[in-house]
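Colleague: Sequences listed follow chains U, C, V, W, G and F, in order. Position one of the first sequence corresponds to residue 1 (full-length UniProt numbering), numbered consecutively onward. Position one of the second sequence corresponds to residue 1 (full-length UniProt numbering), numbered consecutively onward. Position one of the third sequence corresponds to residue 1 (full-length UniProt numbering), numbered consecutively onward. Position one of the fourth sequence corresponds to residue 1 (full-length UniProt numbering), numbered consecutively onward. Position one of the fifth sequence corresponds to residue 1 (full-length UniProt numbering), numbered consecutively onward. Position one of the sixth sequence corresponds to residue 1 (full-length UniProt numbering), numbered consecutively onward.
Check before you lean on any hint, since a few could be wrong.
Copies of the same chain look alike in the list, so a pair counts if it works inside one copy or between any two.
Only pairs whose alpha carbons sit at most 20 Å apart, straight line, appear in this in silico EDC-like list of lysine to aspartate or glutamate [as the list claims (entries may be wrong)]: (1) 85 x 133; (2) 85 x 46; (3) 218 x 133; (4) 154 x 204; (5) 154 x 214; (6) 60 x 46; (7) 173 x 46; (8) 154 x 68; (9) 85 x 204; (10) 173 x 204; (11) 113 x 133; (12) 221 x 46; (13) 222 x 46; (14) 113 x 68.
Keep in mind that the hints were calculated from the coordinates and are not lab data.
Protein chains: 6
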Amino acid sequence: MAPNPLHTNTNHEKEHWMKMFLPILFLCSVFFSSSYAAVQDFCVADLSAPFGPAGYSCKKPATVTVNDFVFSGLGASGNTSNLIKAAVTPAFDAQFPGVNGLGVSLARIDLAKGGVIPMHTHPGASEVLIVIEGSICAGFIDSANKVYFRSLAKGDIMVFPQGLLHFQVNAGKSPALAFASFSSANPGLQILDFALFANNLPSELIEKTTFLDDAQVKKLKKVLGGTG
Amino acid sequence: MAPNPLHTNTNHEKEHWMKMFLPILFLCSVFFSSSYAAVQDFCVADLSAPFGPAGYSCKKPATVTVNDFVFSGLGASGNTSNLIKAAVTPAFDAQFPGVNGLGVSLARIDLAKGGVIPMHTHPGASEVLIVIEGSICAGFIDSANKVYFRSLAKGDIMVFPQGLLHFQVNAGKSPALAFASFSSANPGLQILDFALFANNLPSELIEKTTFLDDAQVKKLKKVLGGTG
Amino acid sequence: MAPNPLHTNTNHEKEHWMKMFLPILFLCSVFFSSSYAAVQDFCVADLSAPFGPAGYSCKKPATVTVNDFVFSGLGASGNTSNLIKAAVTPAFDAQFPGVNGLGVSLARIDLAKGGVIPMHTHPGASEVLIVIEGSICAGFIDSANKVYFRSLAKGDIMVFPQGLLHFQVNAGKSPALAFASFSSANPGLQILDFALFANNLPSELIEKTTFLDDAQVKKLKKVLGGTG
Amino acid sequence: MAPNPLHTNTNHEKEHWMKMFLPILFLCSVFFSSSYAAVQDFCVADLSAPFGPAGYSCKKPATVTVNDFVFSGLGASGNTSNLIKAAVTPAFDAQFPGVNGLGVSLARIDLAKGGVIPMHTHPGASEVLIVIEGSICAGFIDSANKVYFRSLAKGDIMVFPQGLLHFQVNAGKSPALAFASFSSANPGLQILDFALFANNLPSELIEKTTFLDDAQVKKLKKVLGGTG
Amino acid sequence: MAPNPLHTNTNHEKEHWMKMFLPILFLCSVFFSSSYAAVQDFCVADLSAPFGPAGYSCKKPATVTVNDFVFSGLGASGNTSNLIKAAVTPAFDAQFPGVNGLGVSLARIDLAKGGVIPMHTHPGASEVLIVIEGSICAGFIDSANKVYFRSLAKGDIMVFPQGLLHFQVNAGKSPALAFASFSSANPGLQILDFALFANNLPSELIEKTTFLDDAQVKKLKKVLGGTG
Amino acid sequence: MAPNPLHTNTNHEKEHWMKMFLPILFLCSVFFSSSYAAVQDFCVADLSAPFGPAGYSCKKPATVTVNDFVFSGLGASGNTSNLIKAAVTPAFDAQFPGVNGLGVSLARIDLAKGGVIPMHTHPGASEVLIVIEGSICAGFIDSANKVYFRSLAKGDIMVFPQGLLHFQVNAGKSPALAFASFSSANPGLQILDFALFANNLPSELIEKTTFLDDAQVKKLKKVLGGTG
């Protein structure tokens, strides 16, 4: 093969190359123009445009900046001064438009001492949890009703397969911090107690379909603001 | 671990919980607000908005009601007073917007005595047929030209892999009823005879590409309304 | 274009065609040999071979018959002489190997008078239910805790999006029969009460993560065979 | 930021770097060892191992060479001395194991003067055809029975959406050559006439489900070797 | 089974069939009307409408013609009078709207004598290259840094797995022509030198993250028009 | 509807329920038996069994324990005493079999002061990075050669779309720690310098396809152990 034509270092040659490269730049700009409308590299969500089964419409690439790909909302602790002594802060596509269509998202989990992320599912994603501070007792239950739970130390990670009931409890004497990553830009979140008791699903139907006692149902409905 | 803080039944405690729970409800409403725009749980088709390769645009979640998820159009028998003595009634995304993006749809199949669902394919889905009444002779042909056909009794189910030619014939002495479920919200349907003879594809091209006789092609074109 | 070379009906010509067609048959058998090992048309599950994230290994195509694509196990009513007065009979890939890899499966649902399919999710599929006999009160709850439920008459269909809690209750005075079709050959099934109370998940953890009373948890554990 | 530590050209410094780089190489080899078993980059088909819905099992990466990714079988014209005066030579996963799992494959299409690729579908892929020599009349029919056909000149490309009936005919006075690329490593191929007439599907069933005359069916069965 | 009702050839019978078929045509048009809005068969890109993660919005089916499925832009050689003596002409969804959503696209590659397609990746697709004229030295590097390269003769095909660095060099004494097919309608294209040196990425960052010398970086920036 | 049949607390009633529930338990165990072989909930990798395009074969569910879903290998800092002053510790499917088939994985990134994760791509996944300690300058380049880079503070997250060149540099005066989550259980990793200079790709080919000077190529080959 011939010697590399770019082995050159005089000014004269540089000018020569510049001229030679104009056609490349033309080729290049051909790709630019087609890439410009490309939907493949990324699709930053335009939250005000129509959305479909695969996600939100994309912002026009020309208006996208690095800030569309950065989110700072997970930097501060969520407010854990509540009954569950815990907070979940999502960075899903609705909060972090840069992940739209990319099949991945995050959430921050703060657990004060005694804090609990109640039994819940993500209908649309698997989750990997990483413990940053403290220790967390985490578990899930599979379709065969087999239970998998364990205490996780700082640095441990645990995976929760898609759609299965799972929970996290601060198992230690200090606050815990964890991040959850998901296999979807919009994993969804269905918290069992809110799904059952924080809406207008009639108590009789809840009781019939969960075998819970009427008193139990009504007690939790009162606490969680449910009616019916 | 500490005793469950919800073991409580006095009014005083309830008020206490209510107060304690306000932060939860706040947390909860944070999720609400983000879920509200969520594209993951479902995407009821807005048939008047743009649609893309993954399906129709979604109706705004706030306007969705239970009726978007229910379809009553399969409740009555299709009209089988026709030559094939059969009727197919689809509940695909165009008829039943609630299935848009969910990867599943249904159709109702009515076969009078002697009725036939002619040779056809679904370009975009596999099908499982369930026989509700009567008996049906059903079959398909694979890419290796091997034939799979059998008589199905009431309650039998049969699967037809995606894109392969298949058919159903009422094999009994009474009307038959079946439902077909599909692995897509829009399986498509290409009926062989309509594809060949109910349009303006020139007879010569048909004959060249199917080896059918000219008289045969012209006879079926006349019956099915084809030209050319 | 030339006249169709298949316009021919004498014996002599037939012999001629037979000879002419040998090369086609050769072409054809080339495709046969490659199709023979094809993994695309279908993949009937070999339940005794390794399985992976996309499903079971395939039976060798040469051993596949029409009976691999037919399943008769949904023809008879499940036994509803139990507490929930209901039975679910699945035709997933483990029962009906013909659907393996095809993205669709079925189940039969029998509900005696007063029968209930308790609150449950399918972690891996959306569901469309069709009511064949009787009337059914069915509903689901979304990630925003909004409830969608309605009475379904014979012939009505309802869709339950993937991973969301849902239920079916016989709403009438006679037995009900329904079929559920799923967007996966293995939708999974997590029944809420069995997940919580039919295993060894410690009561204290259940109570902490569901806010249920200790007495309630222990009562249901006893009934459902749970320990801990 | 500090100056680039690799700005160095004395032998002494090179030795220094070599020593410094050992930890990198260690890091690197950690990635190597894990990549070695990786299933992501590629999955050259092991045609003798189990296969599943997503394709064949992979050859062990250590045994893979560049020749697994190259296929020379499309270099020569197929034999067009047959009735259709045409030949299709596939490079699907069964012939070209390197494409297994990569979602793309090719085929070579030779059309002698008057040659025809008969009406057919690919149940598992869309196709893009590129005309290399000659001119080809190509077309397809959609689910709404609308016909799309046109003469293609050398250099023209045409796309045939997944699962739809399509055909190619040499429209010129010289041989034509084309390549078809597919959106799957195993697109499948169902040639209409072979599916109907080259097997043991009973004539009566064919006639009932295609409306073809008995004489037509029997004539084509005789030619194509069908029975029944 | 009854004799085929289409065995008929008198005018009287034809009229009879015509009348009998009206209900079919009605059935048929029911399918037509629903198919008309169908998103499944194809989705010709409307480049001026919103686009999402799965591709562009679809043109209304009624306005689609055969010309939407044909592209003639690959018929002529690209201009290879440039430094790399090569040209790539894409037929991705932005140039060829008919492939939108169909998971396949093409590009034409012209290599003058000594021509080079520089090291690059397609972030969103695997590629199969077919050599039409001349001979090409092509290769790729996998995640384990193993190199796969070889000389390809006319008619050879080679597959480049998704996202991996690869290149093509004219290895012969005459011009070469090849076509590349991709497993996506929008494979993307990242040319290494343009990504590093044809933009405003600061030289210091390039040097730190590529170990290239400052002089090398600045020389190529000058040639390719980069700043910083 | 009838009162909830589980409102009961006498021993007698409990025995009654136990008896009544036997049929449920039977139903339940029917589901158990089918779920047992289920491939849907999860698929813990059996690294010694065949693997295919969708991932590794699954361990038998009966042998799976909670420890299959937990990984502790990210708990300790990687060794950053190397030239790049950085370490990447993966928890992909090959290291953490529990994520096999679930579409998500993690890696730990340690950056000493001055540490650099060199320019690289993940051919099979998008990445979201979260900064746990220190500050990181991170960036990527898209198919249109547009550069996106920024300094990230503790708690910031940034997304890198699939297949694009990107890098991370410790931008602060103290060590930095980050975790990367991926949209695949096996994202792959191609480090630019290792791909170009740590193997036997001939220098002449590298120079021809990257425009790098011969001296530059040979210098880096020496450092990184490349030959040719």
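Colleague: Compare the structure with each hint and give your call.
Modeller: So, going through the hints one by one against the coordinates:
1. 85 x 133: This pair counts as within: shortest intra-copy Cα distance 16 Å, inter-copy 25 Å.
2. 85 x 46: neither (34 Å within a copy, 39 Å between copies)
3. 218 x 133: Answer is neither: 37 Å inside a copy and 33 Å across each miss the 20 Å cutoff.
4. 154 x 204: For residue 154 and residue 204, the Cα distance exceeds 20 Å both inside one copy (44 Å) and across copies (23 Å).
5. 154 x 214: neither (41 Å within a copy, 31 Å between copies)
6. 60 x 46: both (9 Å within a copy, 15 Å between copies)
7. 173 x 46: neither (43 Å within a copy, 37 Å between copies)
8. 154 x 68: between (31 Å within a copy, 18 Å between copies)
9. 85 x 204: Between copies, since 17 Å is at most 20 Å while 31 Å is not.
10. 173 x 204: between (40 Å within a copy, 18 Å between copies)
11. 113 x 133: Close inside one copy (12 Å), not across copies (23 Å); limit 20 Å.
12. 221 x 46: Neither: 37 Å inside a chain and 34 Å across chains, both beyond 20 Å.
13. 222 x 46: Neither, since 39 Å and 37 Å both go past 20 Å.
14. 113 x 68: neither (35 Å within a copy, 27 Å between copies)
Hint violations for this structure: numbers 2, 3, 4, 5, 7, 12, 13, 14, all remaining hints satisfied.
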